[in-house]
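Asks: Sequence:
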Amino acid sequence: MVGAGDGPSDGGNTSSASASASDVLSSSSLPRSFSYGTDDGLEAGRQSLLGSRMNSTNSLLGSRRGSVYGSRYGFGNAYFEVDDLGVYLSSVAVTVLMACMATIGIILFTLVVTLAVMLGKCQKAPLPNTCASFTLNAEMNNLQGYLLPQECESFVANYVGSGQYHTDFTVAVEAARSYLTTIEAGDDGRDLVVLDIDETALSNMPYYIANHYGVDAWNETLWDDWVNNASAPALDAMLSLYTDLRAQNWSFAFITGRPESQREKTEQNLAAAGYSDWVTLVLRSPDEHTLTAVEYKSKYRKMLESDGYRIRSSMGDQWSDLSGGNAGDRTFKLPNPMYYIY
1297 MVGAGDGPSD GGNTSSASAS ASDVLSSSSL PRSFSYGTDD GLEAGRQSLL
1347 GSRMNSTNSL LGSRRGSVYG SRYGFGNAYF EVDDLGVYLS SVAVTVLMAC
1397 MATIGIILFT LVVTLAVMLG KCQKAPLPNT CASFTLNAEM NNLQGYLLPQ
1447 ECESFVANYV GSGQYHTDFT VAVEAARSYL TTIEAGDDGR DLVVLDIDET
1497 ALSNMPYYIA NHYGVDAWNE TLWDDWVNNA SAPALDAMLS LYTDLRAQNW
1547 SFAFITGRPE SQREKTEQNL AAAGYSDWVT LVLRSPDEHT LTAVEYKSKY
1597 RKMLESDGYR IRSSMGDQWS DLSGGNAGDR TFKLPNPMYY IY
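Numbering-wise, the sequence shown is residues 1297 to 1638 according to my numbering.
A few of these clues could be false.
[Said to hold, decoys possible] Derived pair list, reagent style DSS-like, types lysine-lysine, alpha-carbon separation capped at 30 Å: (1) K1561 with K1629; (2) K1629 with K1595; (3) K1598 with K1629; (4) K1595 with K1561; (5) K1598 with K1561.
Since the hints were derived computationally from the structure, they do not count as laboratory data.
Please construct the entire structure, taking both the sequences and the accompanying hints into account.
Replies: See the structure below:
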């Protein structure tokens, strides 16, 4: 039961209740932006909140200039900041930095792997220029009595297989053609070209392909079997020159290092390859085996000139085919990357 003094109609108690409510509201822990008050109070709350937000957004990193440690100086932007207490990066800057470092690491790793592979290849095989230098010096007659190095087998195989050998051979033969066609052969048939046989008129390339292009030591038994087979093909450029000059009344003589015992098979092979009507075919007799190639071949060239032949040119794949005198006004060295006779 409510007493008369408790009701709102009691004037003295009404004033006391209003004051008590006001005290409660003024002491409330609600933020100022939500507190009940005058318009001026609300505006002041808004300004205070806006200022707080502006101060917190001066830097994405958060300014440390107001630190309790008392930073005295500093500079930076939205992504990094430097002051007397250290360097500070934003999450964006850290992400970019880590990505750059990862990219650089990948590039360096790739370079190291590539260099390692290249160095490994260099150690496994000789540089091609080493073999090219060897064959060049052999062609220049700077190397005598040397076997083709075993590591150069693939170099010679590529030189032959690519067609470069046949191109070089053809160019040399065509140079001889250019010279010889400036000479008008006499009607007496005494204008003479002296030819070697092996790697000059006939090609033994099938034999050398089967026997590692000359890197192995000379095997006379295998060679004799090949010669007695009489199947060496003609070198096309030389056969063409031979045929054309024979039609112009030129004469040809063959001087070969093959032994006299192989005469029949050699004549058979030359004829089968397309050669015919030569003046003479000279092979070594048993008592001539002690002569050097230069001594042996120059001896027979001198004999031909003594018989009245005019040697205009000599052609061969070895310098020993062209040295020693009586070789004509011009000689033509043909390429041979496989063996060297002196």
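Asks: All hints, please: hold or fail.
Replies: Hint check results:
1. K1561 with K1629: holds, 26 Å
2. K1629 with K1595: holds, 19 Å
3. K1598 with K1629: The hint holds at about 20 Å.
4. K1595 with K1561: Given that 30 Å is the threshold and the Cα spacing comes to 24 Å, the pair holds.
5. K1598 with K1561: Holds. K1598 to K1561 sits at ~26 Å (cutoff 30 Å).
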